Amino acid sequence: MSELLATAATAMGTPQDLVERSARARAAAQGTTYEGVISAWAGGQSSAAAADPSQAPAADPQPEPDPKPESNPEPVAEPVTQSEPPLSAQAQVTAVAVIDLPTGAPLLEGKHESFAGLLTGILALLAAAILLVVVIPANSQGDDRHIVGDASLSALEDTGRDVYLQQGCQYCHTQNVRPVVADVGLGAITETGARSLADPATFGFQRIGPDLARVAGRLPEDLDAAEYVREFLTHPTEVVEGSAQPPYAHLSDDDMAALVAYVLALR
Amino acid sequence: MAAANSGRNVLTGVLSTNADSAARRAMLASLVFAVIGAAATVLMLIKVSVPGLFDTASIAGYGRMRAIALNSFVYGFGGLASTGLAYYMTPRLAGAALARQRLANLGAAGHTFVVTIGLASIALGITDPLELAEFPLLVDLGLFSSMVIPALIVTATVRARTERTIYVSLWYVLAGVWWLPALYFVGNVPGTTGLGTQLQSSFMVGGLIGAWLPMVGIGAAYYVIPRATDRALFSRPLAQAGFWSLAGTGLFASVTRYGSGAAPDWLETTGTVFSLGLIVAAVATLANLAGTANGAYGEIRESTPLRMIGGGLVVYVAIAALLSVQGFRSIDAVVGLTSWYEGLILATVLAAAPLLLIGAMAYALPQIAGRRLVDGLAKRGISATLWGGSVTGLLLVISGLVTGLGWNTGAVPNSGEEYVRTTGLIDTYQLLAILSALVAAAGIAMLTLVILRTYTSGEAIASEVLVWVGEDDE
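As they're listed, the protein sequences go chains A and B.
The opening residue of the first sequence carries number 1 in our numbering; numbering runs sequentially from there.
The opening residue of the second sequence carries number 1001 in our numbering; numbering runs sequentially from there.
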């Protein structure tokens, strides 16, 4: 029997203890014998054929229940059951629950559902969303309301925009003036042709600091604007007490000059 | 010699064809990114309140910390956890072996490698400027490729299914594995300009946070709850209503990220209408799963995975409600561009997503590994993640509301040197958010330890093995 078990395990590419447990479960479910199931798996035959007692293999070494003597007048208190051999110590440590995946008729007859329909629905909604939310509105810039706005940047200002993005300024500042009460005083509304929407985009998504779309137009007029911006970026809390602006003293002179030029172009 | 052996072991692992190996590896790798994301979130919030901290180091800037935090959470943790769970659930639901186990392993390894490179590039300042699209182009290409692999493998597995019914969790799995690469592609395709760039960004961010992460989390919940409670699903029609509500509205509602902006009015109206579908989806899902678990609340209290998933679902419903509300123009005019949306993002990544996804892992990994869950830290981890993440999100939502109301009423200025009054208004909320984020980060670390300890030193138990029984048994 151990040879049959080993052969079956090899044929199935599965550890012997798993095969043994599975075979016992299959035998119990089908009302056949464990020996028959193992023989079938080892020899490639149907386990149903093993239900024929005439095909039962030689008895395995499991202990037979003690036969009751016929002269015993006492009634049977409990049914006699055939005990299974205890699992080896190693098998106990690595015992597994074997789940047979259905290959025949399932226990529950469910309606056959269309996978193609489900996948098509999912992908169709995705495509519809991309079209409706991104592609169509992005290409509908012929609306008179969306006029092309801001002038192009000089080379230095362009470099300054790169510094702005590299330092992550767009994470704390927006350049996106909206037609709402909260944005009154921030300057002209940001339209679709705005420079902040151009690639690489600087429109931002939250205001930890103020909106900068038209910041140059709001700087104090009695000061040297460039010097004011430079000083603020280098020592922010000395210029504005309690400011949440982090200092950028670590920027090189060239990067600072470019960044200042860019900020002053935001009007 | 040791290094060579390690290298061989890694290669063997990456090329493994053992059942559930890709699922296991993806899930375990995801936890590393959850911890990185949580730590970066705490640093990010500290930088808001203490901007001068480490001011000479560009890597410590708020922008870079935020980019590292969110990319780690969404693509590292969310991407790998959802992939691992998809690889675990699909064979069991479809009744078919996972197609191309070796490719699945390679894809998971590639995903891990590429996200790591991407985070390093952000730290070094090599980034693109769009939110959640900060990885440079080469990393984008690698990450997109690794995102497509799960979609192909799961689809091939379901096509080969032997189960007649397509179970509810499989709907979510299919949507999740296809939406992620699609959203990533749309959000990163170069060459857009003008309004298109802003819409591209809002579609991706709104889609990932408001639709995709809920999609993969709910799918995991639909798998675990019926199985762990040993109860049939309460209502399939309700499940259909919840799924198609989320699938049909989540992406369309993404435009509310930039409400009152340069987008056409009809698009903003579309976003407003569809955003109502988010709360429909959330309520339908919660009702269905609560109905499924009805009468099993004792089991839920005793079960770590069920408690986590239950907590995650409650937070998700709250987030969906606030996202829906934000869709209204009148609300957006107040809270738009404040920390309101940031609060919803942080509640998602610090509470809802970790609880749902790690909760599902707490159910799946013991089954795969044959180890009893080592849940000594679980109770504290769940409480810390749930309360820490939720409170962090809530504090930022409230500070956004306070800021917006201040601007609208003129109580605080929206620009100029007096802008410090705006930041001063929300100082307390920001400081408390740091503390609650610390608690959430500790919670996520504890839950990560629970999973890792289970995998490495949990008591051996019966594990779930899929054994193929061939046609010989007919």
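A hint or two may mislead.
Claimed, not checked - Here are a few chain A residues that sit away from chain B, every Cβ distance over 12 Å (derived from the structure):
(1) S2
(2) L4
(3) L5
(4) A6
(5) R21
(6) A28
(7) E113
(8) V135
(9) S154
(10) E157
(11) D183
(12) A226
(13) D253
(14) D254
(15) A265
What the hints assert, rightly or not - What the simulated footprint calls covered on chain A by chain B, stretch by stretch (three residues with Cβ under 8 Å from a Cβ of chain B suffice, anywhere in the stretch; the number is not a length):
(16) 114-125
(17) 164-170
(18) 184-191
(19) 256-263
Note that these hints are calculated values from the structure, not bench results.
Since the structure is predicted, the reported quantities are computational estimates derived from the model, not experimental observations.
Think of the CB as a built atom: it goes at the ideal place given N, C-alpha and C, for glycine as much as any other residue.
### Query
For which of the previously enumerated hints does the structure constitute a violation, in increasing order of number?
Violated hints (numbers, rising): 5, 7, 8, 11 and 19; every other hint is consistent with the structure.
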